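Input sequences plus hints: build the corresponding full structure.
Chains as they are written, first to last, in numbering that gives the first Met the number 0: chain L, 0 to 226; chain R, 0 to 245; chain P, 0 to 674.
Just so you know, the hints here were simulated from the structure itself, not pulled from any lab data. As the structure is a computational prediction, the values presented were derived from the model and not from experiment. Positions of the beta carbon are idealized from the N, C-alpha and C atoms, including for glycine. A couple of the hints might just be wrong.
Below, a sample of chain R positions facing chain L; criterion: calculated Cβ distance under 8 angstroms [claimed, not checked]:
(1) E97
(2) G209
(3) N213
(4) I230
(5) S235
(6) A240
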Amino acid sequence: MKGTRGVRTTIALKILMAVSGLLFLAFVALHMYGNLKAFAGHDAYNEYAHHLRTFAEPMLPFGGLLFVTRVVLVLSLVVHVGCAVALWRRAQAARTVPYVVKKHTGATYASRLMRWGGVTILLFIVWHLLNFTIGKVNVSGGPTSDPYDLVVDSFQVWWLTLIYLAAMLMLGAHLHHGIWSALQTLGLTPHARSRRLAKQAAFTIALVISVGFSLVPVFVLAGVIDK
Amino acid sequence: MKLTLNIWRQASTASAGEMKTYQVEASPDMSFLEMLDVLNEELNEKGEEPVAFDSDCREGICGMCGLMINGEPHGPERTTTCQLHMRSFADGDTITIEPWRSTAFPVLKDLCVDRGAFDRIIQSGGYISVNTGAAPDAHATPVPKDNADRAFDAATCIGCGACVAACPNGSATLFLGAKVTHLGELPQGQAERWSRVVDMVGQHDHEGFGGCTNIGECVAACPKEIPLDVISQLNSDLRTAIRKGH
Amino acid sequence: MTDMPDTTTTAPESATAPAEFADDAAGYYTPGDPIRDTKAPSGPLDERWNTRQFEARIANPANRRRLSVIVVGTGLAGASAAATLGEAGYVVKSFCYQDSPRRAHSIAAQGGINAAKNYKGDGDSVYRLFYDTIKGGDYRSRESNVYRLAQVSTNIIDQCVAQGVPFAREYGGLLDNRSFGGVQVSRTFYARGQTGQQLLIGAYQALERQVAAGTVRCYTRHEMVELIVVDGRARGIIVRDMVTGEIETYFADVVVLASGGYGNVFFLSTNAMGCNVTATWRAHRKGAYMANPCFTQIHPTCIPVTGHHQSKLTLMSESLRNDGRIWVPKKKADCTKDPRDIAEEDRDYYLERIYPAFGNLVPRDIASRQAKNMCDEGRGVGPEVEGVRRGVYLDFADAIERLGREAIEEKYGNLFDMYARITGEDPYSVPMRIYPAVHYVMGGLWVDYDLQTTIPGLFVIGEANFSDHGANRLGASALMQGLADGYFVLSNTIRDYLADGPFDRIADDDPAVVEAQTAVQSRIDHFMSNTGTRSVDSYHRELGNIMWEYCGMERTEDGLRKAIDLIRTLRDDFWRNVKVLGSAESLNQSLERAGRVADFLELGELMCIDALNRRESCGGHFRAESQTEEGEALRRDEQYSYVAAWEWAGPDDPPVLHKEDLVYEFVEMKARSYK
Ligand SMILES: Cc1cc2nc3c(=O)[nH]c(=O)nc-3n(C[C@H](O)[C@H](O)[C@H](O)COP(=O)(O)OP(=O)(O)OC[C@H]3O[C@@H](n4cnc5c(N)ncnc54)[C@H](O)[C@@H]3O)c2cc1C
Ligand code: HEM
Ligand code: HEM
Ligand code: SF4
Ligand code: F3S
Ligand code: FES
Chain L
0 MKGTRGVRTT
10 IALKILMAVS
20 GLLFLAFVAL
30 HMYGNLKAFA
40 GHDAYNEYAH
50 HLRTFAEPML
60 PFGGLLFVTR
70 VVLVLSLVVH
80 VGCAVALWRR
90 AQAARTVPYV
100 VKKHTGATYA
110 SRLMRWGGVT
120 ILLFIVWHLL
130 NFTIGKVNVS
140 GGPTSDPYDL
150 VVDSFQVWWL
160 TLIYLAAMLM
170 LGAHLHHGIW
180 SALQTLGLTP
190 HARSRRLAKQ
200 AAFTIALVIS
210 VGFSLVPVFV
220 LAGVIDK
Chain R
0 MKLTLNIWRQ
10 ASTASAGEMK
20 TYQVEASPDM
30 SFLEMLDVLN
40 EELNEKGEEP
50 VAFDSDCREG
60 ICGMCGLMIN
70 GEPHGPERTT
80 TCQLHMRSFA
90 DGDTITIEPW
100 RSTAFPVLKD
110 LCVDRGAFDR
120 IIQSGGYISV
130 NTGAAPDAHA
140 TPVPKDNADR
150 AFDAATCIGC
160 GACVAACPNG
170 SATLFLGAKV
180 THLGELPQGQ
190 AERWSRVVDM
200 VGQHDHEGFG
210 GCTNIGECVA
220 ACPKEIPLDV
230 ISQLNSDLRT
240 AIRKGH
Chain P
0 MTDMPDTTTT
10 APESATAPAE
20 FADDAAGYYT
30 PGDPIRDTKA
40 PSGPLDERWN
50 TRQFEARIAN
60 PANRRRLSVI
70 VVGTGLAGAS
80 AAATLGEAGY
90 VVKSFCYQDS
100 PRRAHSIAAQ
110 GGINAAKNYK
120 GDGDSVYRLF
130 YDTIKGGDYR
140 SRESNVYRLA
150 QVSTNIIDQC
160 VAQGVPFARE
170 YGGLLDNRSF
180 GGVQVSRTFY
190 ARGQTGQQLL
200 IGAYQALERQ
210 VAAGTVRCYT
220 RHEMVELIVV
230 DGRARGIIVR
240 DMVTGEIETY
250 FADVVVLASG
260 GYGNVFFLST
270 NAMGCNVTAT
280 WRAHRKGAYM
290 ANPCFTQIHP
300 TCIPVTGHHQ
310 SKLTLMSESL
320 RNDGRIWVPK
330 KKADCTKDPR
340 DIAEEDRDYY
350 LERIYPAFGN
360 LVPRDIASRQ
370 AKNMCDEGRG
380 VGPEVEGVRR
390 GVYLDFADAI
400 ERLGREAIEE
410 KYGNLFDMYA
420 RITGEDPYSV
430 PMRIYPAVHY
440 VMGGLWVDYD
450 LQTTIPGLFV
460 IGEANFSDHG
470 ANRLGASALM
480 QGLADGYFVL
490 SNTIRDYLAD
500 GPFDRIADDD
510 PAVVEAQTAV
520 QSRIDHFMSN
530 TGTRSVDSYH
540 RELGNIMWEY
550 CGMERTEDGL
560 RKAIDLIRTL
570 RDDFWRNVKV
580 LGSAESLNQS
590 LERAGRVADF
600 LELGELMCID
610 ALNRRESCGG
620 HFRAESQTEE
630 GEALRRDEQY
640 SYVAAWEWAG
650 PDDPPVLHKE
660 DLVYEFVEMK
670 ARSYK
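And the structure:
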């Protein structure tokens, strides 16, 4: 259409999703790394949690980095989810009469899980924040002031661990398609070879992150990580 | 071979449609459309209105044909519906035949859809502006072979719409990417490159096609094997266009 | 074909040719006045086109917005014409029966397009292209037209490249050429095996650009079913909206037909399913002359028919004959055997036997005719369809042994793949089967140098006219002609006519208009209300069989007479007994076909009459009565070097024959020989 603005197109929405998604990726990668400190014991973990808040002091006030991160993350989430909803609605409007029979040749499961996977992750984040950050709910009834103890207490509850593991499965799938998709959306994979590399990288990163996150809950449940 | 066919019947765009079941006797040498011709002759014989479906060249090049066959655009082989042969099926099979499903491709009747949206996408910028008689000598601008080959691969798109039919989002991005890449790879296409991509994507969105989420079913369905390269190219061209203020 | 030798010698015409001829077609037609092309300037050949362009008046640019043009057809000819006229500022309406202009039959052309660019420096020139085309047409085309075609051929390539047509290129980035169609120079531009598609996409994009600019309006899925002639001028058309069934009338100052060829009169051909004669035939019935309708080109290397269900035939590049050897079994009993089990001495390499010098590379018409002879003798191979096996082997075993499988794959891989997909056989291990098929028609509406018919204001371009190919078309020249007409010729000649416009507005209730509308409606009503028993396709198939049998590769006086009788009977039965279901007010493919078949049934008869009249063999037309002792085509320039332009005299009267004498001022007429 003559006079279209590039920023008003579906592809622009996708670029926003890709950028916000990659920011999420950076966050979850760091977060996972931080979580793994649980293996180093109570003090190392709590120190790390504290360090997050004192990072770059005195340039930033106490909790400054965390604050900036939170703002960026919230904005990203709004953008990411907003674009996802917009695209989802477009896709639904683009085919109102479903096929009686439809095969999905050429699609990965991960790619078809993106939307419900995203919703799952969103629900998880809400729960997770209530659990660990905002609400600080300790399902086992213990104290909530000590991050390390909170984590250990929580994951000793089997069903909570299960929720987390399920969420990590979804996150893995989301990243498996999402990372490659973001690279394609940004136009960085114009050859069969670069696409293959991107897909391999996406798979590897997704695996590392979802497994990395899962280690702490699993090892807590298994009793390896203990108070 | 004896076959059971479940075919979508719809009298017109405005009316509701439904699946109907037919039996037909086919031979493995027949093309899929010839099998439907045989069914139509029989329906005619019985006084039932034949099934409407599109085809013209029946050689796999005009892009007119296109049926959803057992859930796959153009059926189980990587080719056009007209080039699909009954030897790809077995005696006793049940085959479900539906039209392309896309809001931007309204069903006209039975299995025929209106793909005018593709023409309008081309109108929005899928060309190089050169008036007849205003062209320089063909050898004035050499085109490096690599670019020429990439442009060609993209230019083989026949505009059949299978990519749209396959895409879970109902997106026409593969078609769009093919044209943008074809013209964008050539020196002749540079002048309008950035406005072209923005205008064409805008028209694509305006027609009601979905956005691409890089699922890749389009590529698996494309009879001309247009690669995902073109979508990547499209995306990066759009990004550049935005940067250039379009 | 890559290395097809030059087939022209100066062998004298057979001395035994009788001076006087019985008029075979006497009684089937009425002799009319001679006709002449009055628009071609005289003078030196290479200045004629310039002269005409200069003399043709120019429609005032300010006026052009008030001048309207209808273009029927969006193939290479129609799309390029509509785009160019739109650019020039006229108000253009463009029609096609497909769902998009881009799907016109031109899209199927594989081989390439000729142009006298001489990029290879191998001695090509406008004159050589002109000469080859005249010779290729077996001296049945006009010198002025063909020369112009060769002249503008170079502009076509420039135009297409500028539009982004991705022609094949060499590593240096410059355009590649190949030699094609039996000529000695490399002047064919190509785009892999899909030159037609790439050229058409170029023209289509130019067309859509004009649609966006508002100068052209496209009407897709609209079929022209009648021409409107008011006060002797073509002023509009009646179309059927193929989706709603509505009958619509469009007026314009001038009407251009670019509706392609009518090869589908044979039912089976390499043409697209929808190719039809309706647009041109309706114009013919309104007074436009139909020229040389019997000139049909039959292509020898097509994939054979597999059964009664066959709907169309697929062409494979003729280049296959460069390395494949053609044969049939010597013994009829061997025809059903696996060809690999037939011993060498039991094979008849008939082309190599009959034409030792040229072997498998004899020209298209000879190769086709001999294949038919073999099958008629009962030595054909492949599935039996209606009692005859129609196929001969094209065997690559020797070539694979000699050059290796890789080399063959490299050269013909895509053709082999196509063959394998369609037949389910592997041509690397089992010989291919091939059979000739109707491919192109040289005949069409008669036009003058301006491309105008005998109806003022009706222009015809592309395959729909008869103009440039004589009795036989050289490979890669139909695309050239379509684009030459559409981009460069028509826009320069039509302006002379339009300089007198805009013409008076036509009232919707003008008697000529109402009459045409009524005729269209009553024809449709007839089909819808007829309580017949036979499907449209069954008539089409039967007509096709008659045409193929008697008006195909070899035509005889008796056969043609018989065909005319058969067609008349069939036509009668068609009108009484055809069955069309559904409603006329919706998309109805049976109804569409019924209209087309009705016109084919009339055209078929005229083709037979034309073939009957022309008791000579030339180009694609072989009359058994006119052959040398060795069975070669015998042209009779004394009697038949004319264009047969037929005038419609009404449904019950024989057509009127107007002859246009072909005068050769620059080229000497020669006979072909292949032995
Ligand atoms: C398989 C094959 C391969 C070929 N290869 C070559 C080649 O390599 N080189 C070469 O030079 N030539 C080749 N030819 C010949 C060449 O392709 C055609 O002669 C040429 O393309 C005709 O172009 P056109 O524009 O005249 O008509 P077409 O392309 O046939 O277009 C006809 C147009 O008219 C419209 N139309 C027709 N009837 C009606 C109607 N009643 N109402 C409304 N619209 C109508 C159609 O919709 C279409 O848009 C080949 C032909 C075939 C069959
Ligand atoms: C930690 C959280 C998340 C991360 C790391 C993440 C990452 C990504 C990435 C990288 C992409 C690819 C973008 C592209 O294709 O260019 C993506 C796509 C997507 N995300 Fe997320 N995302 C997260 C959370 C969410 C949430 C909460 C939703 C909520 C609904 C969501 C929904 C989607 C959808 C639907 C897509 C696919 C659509 C598309 O590709 O356009 N994501 N995500
Ligand atoms: C098993 C895996 C996980 C564990 C054990 C875990 C643990 C924690 C803990 C303990 C906190 C509180 C930190 C603090 O307040 O100092 C936290 C915060 C947070 N986690 Fe997780 N987390 C996990 C997975 C995830 C995932 C997959 C996501 C995102 C998709 C996520 C997103 C967040 C966010 C957004 C915060 C809030 C950070 C802030 O304070 O701004 N976590 N997590
Ligand atoms: S990209 Fe492929 S599937 Fe889509 S329209 Fe073109 S040829 Fe058809
Ligand atoms: S299937 Fe659809 S989501 Fe994109 S990659 Fe293809 S258009
Ligand atoms: S009918 Fe032309 S591509 Fe199938």
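Hints, verified against the model:
1. The beta carbon of E97(R) is positioned within 8 angstroms of a beta carbon in chain L (closest approach about 6 angstroms), and the interface hint is therefore held.
2. Satisfaction of the interface hint for G209(R) is found here, the shortest Cβ-Cβ separation to chain L being roughly 4 angstroms, below the 8 angstroms cut-off.
3. For N213(R), the interface hint holds, the least distance from its beta-carbon to any beta-carbon of chain L being 4 angstroms, beneath 8 angstroms.
4. A distance limit of 8 angstroms between C-beta atoms decides the matter here; for I230(R) the minimum to chain L is near 7 angstroms, and the interface restraint holds.
5. For the restraint placing S235(R) at the interface with chain L, the shortest Cβ-Cβ distance is roughly 2 angstroms, inside the 8 angstroms limit, so the hint holds.
6. Of the supplied interface hints, the one on A240(R) holds, with its beta-carbon coming within about 5 angstroms of a beta-carbon of chain L, less than 8 angstroms.
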